[in-house]
Amino acid sequence: MNEITHRDADASRLAEEARRQETLLPAVDIHEENDAVHIVADMPGVTRESLVIEVDNGVLSLEGEVSIPMPEGLNPLYAEVRAQRYARRFTLSHEIDSESISARIDNGVVHLTLPRRDTHRRRRIEVQAA
Amino acid sequence: MDCSDGVCGTCKGHCEQGEFDMGDEYLEDALCEDSIELAVDLDEGSGISFLHGQYVPISTGAAAGLFSMRYCWAGAMSCIEVGVAPRCNKPHNVVSEALKPEQALLSCRLPGPVDLVLPGPGRHLSLEEKEVLDMFSDPRGLDPARRQGMDWIHQLFDEMFPSGGAADIRSVPSGSFPLINVGRTDDAVRVYVFAPGLGAEDLEVSLQDNVLTVAGRREPLQESEGRTHFRQERFHGDFRRAVALPEGLDIDRAEASFRDGVCEVVLPKREELKPRRIDVQAA
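Each protein sequence line maps, in turn, to chains A and B.
Position one of the first sequence corresponds to residue 1 (our numbering), numbered consecutively onward.
Position one of the second sequence corresponds to residue 1 (our numbering), numbered consecutively onward.
It should be emphasised that the hints constitute simulated quantities derived from the structure, not laboratory data.
The beta carbon of each residue, even a glycine, is placed where N, CA and C say it ideally should be.
It is possible that some hints are incorrect.
Only some residues are given here: those of chain A computed to face chain B with a beta carbon under 10 Å [unchecked claim]:
id, residue
1, 43
2, 76
3, 110
Take these sequences, add in the hints, and give me the full structure.
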């Protein structure tokens with residue numbers, strides 16, 4: 001086996017791994033309001049059980065498996081959604097209180113609320129008359 | 001460039017019966033040296049090689065085989081290795097992996113009454129399947145090796161370099177809301193509409209003349225003061241999508257159900273059109 005054959009084998013193995021792990025990027029709306037950052041993500045087909053939200057070292061990961069019951073032997077005729085997983089990650093700044101992040105899922109839409117720490121909340125500064 | 005430019009040569013095939021016309025637009029490098037001369041001189045059933053993305057069958061009942069198959073660079077064809085070309089002795093398109101026959105989807109444009117016969121472990125593609133695939137002529141959308149997050153690049157390139165081939169009259173830019181999957185089992189065709197945030201009452205599913213139409217409206221979040229928007233990627237507003245379904249479905253027994261933001265529409269096939277096993281009698 002020469003060098004070229006080895007390289008081809010590696011490339012096809014990488015392609016195979018990439019195919020197995022193919023993921024969808026869920027569309028998100030992010031806005032900040034009332035001392036908290038709100039994320040709304042579209043993840044159709046994901047249930048409460050298959051949704052995984054993790055915060056690790058300042059990185060928020062949002063992952064979910066598409067769990068739609070499909071019959072055996074279903075042949076695809078036309079597929080726009082070709083992956084089984086959604087995954088997206090965000091880095092969080094330290095003013096977000098990772099302990100009190102809350103989430104809910106409703107009809108395939110995930111709502112995340114990331115509150116800011118008390119010490120970092122917006123404060124209005126009183127202006128003294130001279 | 002796309003399949004109609006005849007540049008990459010992945011879809012080299014040979015004529016098994018009938019006649020084909022290669023046309024003028026292809027790169028000679030796409031065919032190997034021996035088969036270039038043969039391609040120009042098309043003859044009935046003589047094993048001439050040509051490019052599937054280019055040919056137009058000019059007689060009814062024309063049939064073609066494929067030398068080898070894999071996902072070509074445009075994502076338009078998926079193939080299985082079938083062997084060495086009969087005329088020239090060079091192996092064509094030696095592939096590094098073989099796909100299961102069920103994964104072979106042929107989506108380059110194939111006009112005309114042709115049944116594609118795949119020799120060896122391949123699978124016979126019926127005409128109705130080709131019709132459904134041709135209708136959504138977005139070959140890049142069928143390439144599984146690309147992350148779907150790249151849809152925006154595909155849309156950008158589609159706008160900058162529109163492909164010369166004919167797009168289906170109902171096709172939409174990739175990544176449009178809602179996304180639709182269509183699958184088939186032995187007894188029904190199932191359509192999955194990925195519409196998160198919508199319930200059964202927000203989605204209107206109607207069926208007429210084998211065209212399934214999905215329409216509705218997704219409301220944006222309530223507007224309020226003091227809100228800073230960082231990203232807005234989710235679709236808001238009215239939408240309407242239509243897909244053409246294969247023939248032979250029993251519309252009266254169609255059912256739709258909603259679950260976790262995915263609407264599943266089940267359309268059973270008419271009884272007489274389900275696949276039937278034929279018993280082989282000993283002579």
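Results for each hint:
Hint status for residue 43 of chain A relative to chain B: holds, with the closest Cβ pair at about 7 Å, below 10 Å. For residue 76 of chain A, the shortest C-beta to C-beta distance to chain B is roughly 5 Å, which falls under 10 Å, so the interface hint holds. Proximity of residue 110 of chain A to chain B holds as hinted, the smallest CB-CB distance being about 9 Å (cut-off 10 Å).
Consistency with the previously given hints is maintained throughout, with no hint failing.
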